[in-house]
Amino acid sequence: MPHDLPDHPHAHLPPDPALRVKALETILTAKGLVDPAALEEIIDTYQNRIGPQNGARVVARAWRDPAFKAALLADADPVLAELGYYGRQGEHMVVVENTPQRHNMIVCTLCSCYPWPLLGIPPGWYKSDAYRARAVREPRKVLAEFGVALPPETAVRVWDSTAEVRYLVLPMRPKGTEGLDEAALAALVSRDSMIGTALPAAPGQAQP
Amino acid sequence: MSSCAEVSAPEPVFAEPWHAQVFALTVHLNEAGRFSWADWVQRFSATLKRHGLNRDLDGGEDYFRAWLETLESYLAEDGAVAPAEAEQMRKRWEEAYLTTPHGAPVHLPE
Chain A
1 MPHDLPDHPH
11 AHLPPDPALR
21 VKALETILTA
31 KGLVDPAALE
41 EIIDTYQNRI
51 GPQNGARVVA
61 RAWRDPAFKA
71 ALLADADPVL
81 AELGYYGRQG
91 EHMVVVENTP
101 QRHNMIVCTL
111 CSCYPWPLLG
121 IPPGWYKSDA
131 YRARAVREPR
141 KVLAEFGVAL
151 PPETAVRVWD
161 STAEVRYLVL
171 PMRPKGTEGL
181 DEAALAALVS
191 RDSMIGTALP
201 AAPGQAQP
Chain B
1 MSSCAEVSAP
11 EPVFAEPWHA
21 QVFALTVHLN
31 EAGRFSWADW
41 VQRFSATLKR
51 HGLNRDLDGG
61 EDYFRAWLET
71 LESYLAEDGA
81 VAPAEAEQMR
91 KRWEEAYLTT
101 PHGAPVHLPE
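Protein chains in written order, with the numbering used here: chain A, 1 to 208; chain B, 1 to 110.
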């Protein structure tokens, strides 16, 4: 019986894991180990306030401001901290630049380490065994499946993230974007282009 | 090059509310100093590896099930939440849902 019928006798029973999470939360709260307001804040932050728009802003700024870009590539942490983007788990951020000679791509073969402050929560495919195993073994093939075809002279470098170090790809600035301001540039920068599984959109092209 | 025809609704950050809850719980416990993130990653990675031995994990529901299992065993091991305690509380919640009229907020019985 659908659960939204008015005569349904009881509340919709959540799935087993949801009940187990509730159980942990109730017990930990009762023991004073968890503050429910802090949980709300974390969920709100990752659901609504942190996302790829943060990373896109950083990329757009790096494209326009050579000093900013140099500082970002040399030591990203202080530059990002100044913008309010810092790892809550104390991890270091490393920004890797795409060039005609080298395309960068990030993965986490351990689990799903990811630059949360800049990109938010990773998409399902980033966490899948298929991507985690194959990105290292056959990056060009994986890139092709994402629709990215690189010239043969471009090498692919795969960066394996850890609990301590998270990477962000700085994509190459698309041609024909000379007159664009930071916001217009940021609109070209997709999440996947900062993971390295896509290229930035050309100007005038809609972001998928 | 792809056209704008493939513009679609953005994927939700968390597919299920409990995914968000177990994530937040873990981040909060880490920030409160209960465990280091490196420790967490090591344990979670071991769970994923074990789960992935027989089949390929798709990074969705199975990922968060592994996450929850890791958190439960971590809390059991450090003494914060014993497995029996967790199971008893899960049953109380289940009971609360089954005895609360549809549409009413669900609370644990006193």
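No wet-lab data here; the hints were simulated from the structure. A couple of the hints might just be wrong.
[As the list claims (entries may be wrong)] If you want the footprint, here are the derived chain A segments under chain B, 3+ residues with CB under 8 Å:
{"id": "1", "stretch": "72-79"}
{"id": "2", "stretch": "126-139"}
{"id": "3", "stretch": "147-159"}
{"id": "4", "stretch": "184-195"}
[To be verified] Pair by pair, the computed Cβ-Cβ distance ranges are:
{"id": "5", "chain 1": "A", "residue 1": "Ala144", "chain 2": "B", "residue 2": "Glu110", "range": "53 to 63 Å"}
{"id": "6", "chain 1": "A", "residue 1": "Gly32", "chain 2": "B", "residue 2": "Pro17", "range": "17 to 27 Å"}
{"id": "7", "chain 1": "B", "residue 1": "Glu94", "chain 2": "A", "residue 2": "Leu73", "range": "44 to 54 Å"}
Built from N, CA and C at the ideal position, the CB exists for glycine as well.
A quick look at each hint next to the structure:
no., hint, result
1, 72-79, "violated (count 0)"
2, 126-139, "holds (count 6)"
3, 147-159, "violated (count 1)"
4, 184-195, "violated (count 0)"
5, Ala144(A) <-> Glu110(B): 53 to 63 Å, "holds, 60 Å"
6, Gly32(A) <-> Pro17(B): 17 to 27 Å, "holds, 24 Å"
7, Glu94(B) <-> Leu73(A): 44 to 54 Å, "holds, 53 Å"
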